[in-house]
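Visitor: Sequence:
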Amino acid sequence: MTISVRSGGLGDIEEMYALDCASFEFPWTLNDFKSVLLSGTPVILIEEKGKIVAQCVYRTVLDEAEILTLAVAPDARGKGYARLLLEELDAILFALGVRYLFLEVRVSNTRARHVYSSAGFEEIGFRKRYYLTRDGREDAVVMQKALM
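Quick note: the sequence shown uses the working numbering, first residue 211, plus one each step.
Simulated from the structure, these hints should not be mistaken for laboratory data.
Fair warning: this is a prediction, and the values are worked out from it, not measured in the lab.
Here a beta-carbon is modelled for each residue, glycine too, at the ideal position from N, C-alpha and C.
One or more hints might be untrue.
Stated by the list, open to error - Simulated crosslink set (PhoX-like; lysine-lysine; CA at most 25 Å straight-line):
| hint | residue 1 | residue 2 |
| --- | --- | --- |
| 1 | Lys244 | Lys261 |
| 2 | Lys338 | Lys289 |
| 3 | Lys289 | Lys244 |
Unchecked claim - Okay, the calculated beta carbon distance ranges per label pair:
| hint | residue 1 | residue 2 | range |
| --- | --- | --- | --- |
| 4 | Asn241 | Glu332 | 16 to 26 Å |
| 5 | Asp345 | Gly219 | 29 to 39 Å |
| 6 | Ser318 | Gly221 | 15 to 25 Å |
| 7 | Glu298 | Ser327 | 12 to 22 Å |
| 8 | Val215 | Arg347 | 27 to 37 Å |
| 9 | Arg339 | Phe312 | 27 to 37 Å |
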């Protein structure tokens, strides 16, 4: 299996959007991806056999960073790609002197919460009614990881 990790750019927008649509009930729009990529927001991609199978969009502000979205293709789950993205992100952020990494995840997404917890994240709070659902709204768990 040929796997590569690289930065994403505007040329990846269609494939990134398709991955998000396959991964989430309420994905980002094509314009959301275009906006973050045009603004220089960094993206980490994992490719398997030339196809994007996992992505992480994040931003940094001073000594903090936030994962804006992290997705793994449904048929690529369970292969350690989320963990690989998080390890790559940790290395990048550590080199930048970032001390804390934050994210929000749906309360109902127990699989992702487990992955994040096993990668060193701690649950530090909640955002009430943060995510849209078919039936209304769902809370988010706020997670934090100390990098230094």
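Visitor: Please flag the earlier hints that this structure goes against, numbers listed from lowest up.
Guide: Violated hints: 2, 3, 4, 6 and 9; rest satisfied.
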